[in-house]
Amino acid sequence: MVNREAVNCEQVWKEIANYIEGDVDAGLRAVMDEHFGVCKRCKSVLQGTRNVIQLYGDERMIEVPAGFGRRLERRLARGARVRRSTWSTWSAWLVPVAALALIAGGLRWANSLTVPHPLQSEHAQPGRNIPPDMVVVVSAGAKDFHVPGCDVIHNKEKVRTLTAKEAIREGYVPCVRCMRKYLRAASAAHIFGEAEAIVDVSIEEDHTNSRAR
Amino acid sequence: MAQLNVAVSNPEPGMTREQELIAQVQRGQTDLFYELVRPYERRVYAAALAILRNETDAEDAAQEAMLKALANIRQFRAEARFSTWLIQITVNEALMRRRRERTRMTEGIEDHRDEVGEYTPRDFADWREIPSEALERKEVRQKLAEALASLDRKYREVFVLRDMEQLNIQETAEALDISVASVKTRLLRARLMLRDLLAGGWEQGWFSRLPFEKGTKPW
Numbered sequence: 001m002v003n004r005e006a007v008n009c010e011q012v013w014k015e016i017a018n019y020i021e022g023d024v025d026a027g028l029r030a031v032m033d034e035h036f037g038v039c040k041r042c043k044s045v046l047q048g049t050r051n052v053i054q055l056y057g058d059e060r061m062i063e064v065p066a067g068f069g070r071r072l073e074r075r076l077a078r079g080a081r082v083r084r085s086t087w088s089t090w091s092a093w094l095v096p097v098a099a100l101a102l103i104a105g106g107l108r109w110a111n112s113l114t115v116p117h118p119l120q121s122e123h124a125q126p127g128r129n130i131p132p133d134m135v136v137v138v139s140a141g142a143k144d145f146h147v148p149g150c151d152v153i154h155n156k157e158k159v160r161t162l163t164a165k166e167a168i169r170e171g172y173v174p175c176v177r178c179m180r181k182y183l184r185a186a187s188a189a190h191i192f193g194e195a196e197a198i199v200d201v202s203i204e205e206d207h208t209n210s211r212a213r
Numbered sequence: 214m215a216q217l218n219v220a221v222s223n224p225e226p227g228m229t230r231e232q233e234l235i236a237q238v239q240r241g242q243t244d245l246f247y248e249l250v251r252p253y254e255r256r257v258y259a260a261a262l263a264i265l266r267n268e269t270d271a272e273d274a275a276q277e278a279m280l281k282a283l284a285n286i287r288q289f290r291a292e293a294r295f296s297t298w299l300i301q302i303t304v305n306e307a308l309m310r311r312r313r314e315r316t317r318m319t320e321g322i323e324d325h326r327d328e329v330g331e332y333t334p335r336d337f338a339d340w341r342e343i344p345s346e347a348l349e350r351k352e353v354r355q356k357l358a359e360a361l362a363s364l365d366r367k368y369r370e371v372f373v374l375r376d377m378e379q380l381n382i383q384e385t386a387e388a389l390d391i392s393v394a395s396v397k398t399r400l401l402r403a404r405l406m407l408r409d410l411l412a413g414g415w416e417q418g419w420f421s422r423l424p425f426e427k428g429t430k431p432w
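As given, the protein sequences belong to chains A and B, one line each in that order.
With this note's numbering applied, the first sequence corresponds to residues 1 to 213, in that order.
With this note's numbering applied, the second sequence corresponds to residues 214 to 432, in that order.
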């Protein structure tokens with residue numbers, strides 16, 4: 001800390017940059033001003049330093065290599081083109097990708113609307129989640145297949161026993177009463193995205209039916 | 214899109230040309246970027262040169278820094294000075310290159326310590342102001358540049374950013390990632406050393422054709 005009562009040359013030199021920056025308090029500035037008035041050495045240091053700041057602070061002191069501006073302009077133009085083309089490449093991809101995402105999202109949303117209401121159209125549902133080798137019965141003139149002993153089997157005298165897989169292949173649909181638990185399980189699994197893991201006997205059914213036709 | 218065109222062609226009243234250009238480039242008119250940075254291209258180059266000390270490297274770093282500024286132009290906020298923002302990006306780019314180069318060259322760890330002890334000025338001749346016309350002469354500019362280049366790196370960088378690039382003390386400290394106290398210490402030394410170097414240059418006739426009275430020095 002500078003002694004404001006009796007400032008000496010070394011102390012002035014130490015503070016001279018702060019003095020020029022205006023970064024000294026009024027008291028110290030007054031003491032230093034007084035010192036500069038009587039000390040030629042310190043005044044020489046102060047003015048020489050100011051000279052340095054003034055000379056180097058002049059724009060003309062900054063020289064750039066010949067053609068610097070032209071080369072910078074060219075490189076910036078190239079950079080701007082690359083940025084635009086990079087963006088256009090991205091945007092060219094983004095449009096179809098966004099469209100696909102929208103379609104996929106739309107389909108999923110539409111699917112989610114139908115799945116929570118399976119009871120209204122259970123007959124239309126394929127026999128998902130029904131064990132393919134499960135023993136079921138069908139009767140002549142009916143369209144459903146049933147668990148043996150089901151109460152709603154029509155024409156019980158003419159039942160035929162077969163596997164669920166065979167019944168589906170022949171075009172029968174699961175009974176909404178006795179096969180209810182399988183239909184619900186299938187619906188719930190579908191909601192939770194597990195539909196792919198379920199045995200889908202209806203795929204083979206479709207193939208068989210189309211061959212039969 | 215129509216709204217964008219209106220905004221571009223009718224800038225807000227009271228905006229400076231620089232503010233208009235910044236707004237236009239931020240909206241995507243990147244072809245205007247060179248017009249925006251042209252007033253600062255010399256300062257940007259000088260900042261890079263102060264750190265890299267090689268004209269080719271400095272030019273490449275300056276160009277790369279401007280490309281980064283273009284890429285990040287949307288992050289620029291009006292509270293800051295555009296020139297300061299550009300110079301800070303340039304200093305970062307130059308420092309990064311120098312670190313990379315030093316790592317590649319497997320040089321020793323840099324000494325960031327400030328020298329202890331006070332710097333004592335050597336020459337106390339009568340002062341006289343050097344007229345700015347002196348800078349019209351190429352040999353004077355050349356000698357001043359050589360004196361600056363002869364300074365130790367840590368003094369040169371602070372001096373260039375503060376006294377040539379006109380960053381303030383705080384901005385200089387932030388750009389170089391050093392303390393404000395270090396900036397002040399280094400700045401004092403840099404100025405006093407340059408003063409002595411130029412005083413020595415006087416003895417060697419750098420300013421011989423300037424209109425000074427015989428026997429007087431500019432400090």
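For the record, the hints were derived by calculation from the structure and aren't laboratory data.
Hints may be right or wrong, so weigh each one.
Unchecked claim - The list that follows gives simulated cross-link-like pairs (lysine-lysine, DSS-like), each with its CA atoms no further than 25 Å apart:
1) 181/A <-> 143/A
2) 143/A <-> 165/A
3) 181/A <-> 156/A
4) 14/A <-> 397/B
5) 165/A <-> 181/A
6) 397/B <-> 43/A
Stated by the list, open to error - Label pairs and their in silico Cβ distance ranges:
7) 333/B <-> 25/A: 21 to 29 Å
8) 40/A <-> 392/B: 28 to 36 Å
9) 291/B <-> 98/A: 43 to 51 Å
10) 229/B <-> 104/A: 43 to 51 Å
11) 67/A <-> 285/B: 35 to 43 Å
12) 54/A <-> 333/B: 42 to 50 Å
13) 291/B <-> 108/A: 42 to 50 Å
14) 359/B <-> 40/A: 25 to 33 Å
15) 26/A <-> 242/B: 48 to 56 Å
Just so it is clear, CB atoms sit at the ideal spot from N, CA and C, and this is done for glycine as well.
Evaluated hints:
1. 181/A <-> 143/A: Given pair residue 181/A, residue 143/A holds - Cα atoms ~19 Å apart, limit 25 Å.
2. 143/A <-> 165/A: holds (15 Å)
3. 181/A <-> 156/A: holds (23 Å)
4. 14/A <-> 397/B: Distance of about 10 Å is within 25 Å: holds.
5. 165/A <-> 181/A: At roughly 17 Å apart (the allowed maximum being 25 Å), residue 181/A and residue 165/A satisfy the hint.
6. 397/B <-> 43/A: holds (20 Å)
7. 333/B <-> 25/A: 21 to 29 Å: Holds - the Cβ-Cβ distance for residue 333/B and residue 25/A, about 25 Å, lies within 21 to 29 Å.
8. 40/A <-> 392/B: 28 to 36 Å: For residue 392/B against residue 40/A, whose Cβ atoms are near 34 Å apart, the range 28 to 36 Å holds.
9. 291/B <-> 98/A: 43 to 51 Å: violated (33 Å)
10. 229/B <-> 104/A: 43 to 51 Å: Given range 43 to 51 Å: holds, Cβ gap about 49 Å.
11. 67/A <-> 285/B: 35 to 43 Å: At roughly 26 Å between Cβ atoms, residue 285/B and residue 67/A fall outside 35 to 43 Å, so the hint is violated.
12. 54/A <-> 333/B: 42 to 50 Å: violated (23 Å)
13. 291/B <-> 108/A: 42 to 50 Å: Given range 42 to 50 Å: holds, Cβ gap about 45 Å.
14. 359/B <-> 40/A: 25 to 33 Å: Given range 25 to 33 Å: holds, Cβ gap about 29 Å.
15. 26/A <-> 242/B: 48 to 56 Å: For residue 242/B against residue 26/A, whose Cβ atoms are near 50 Å apart, the range 48 to 56 Å holds.
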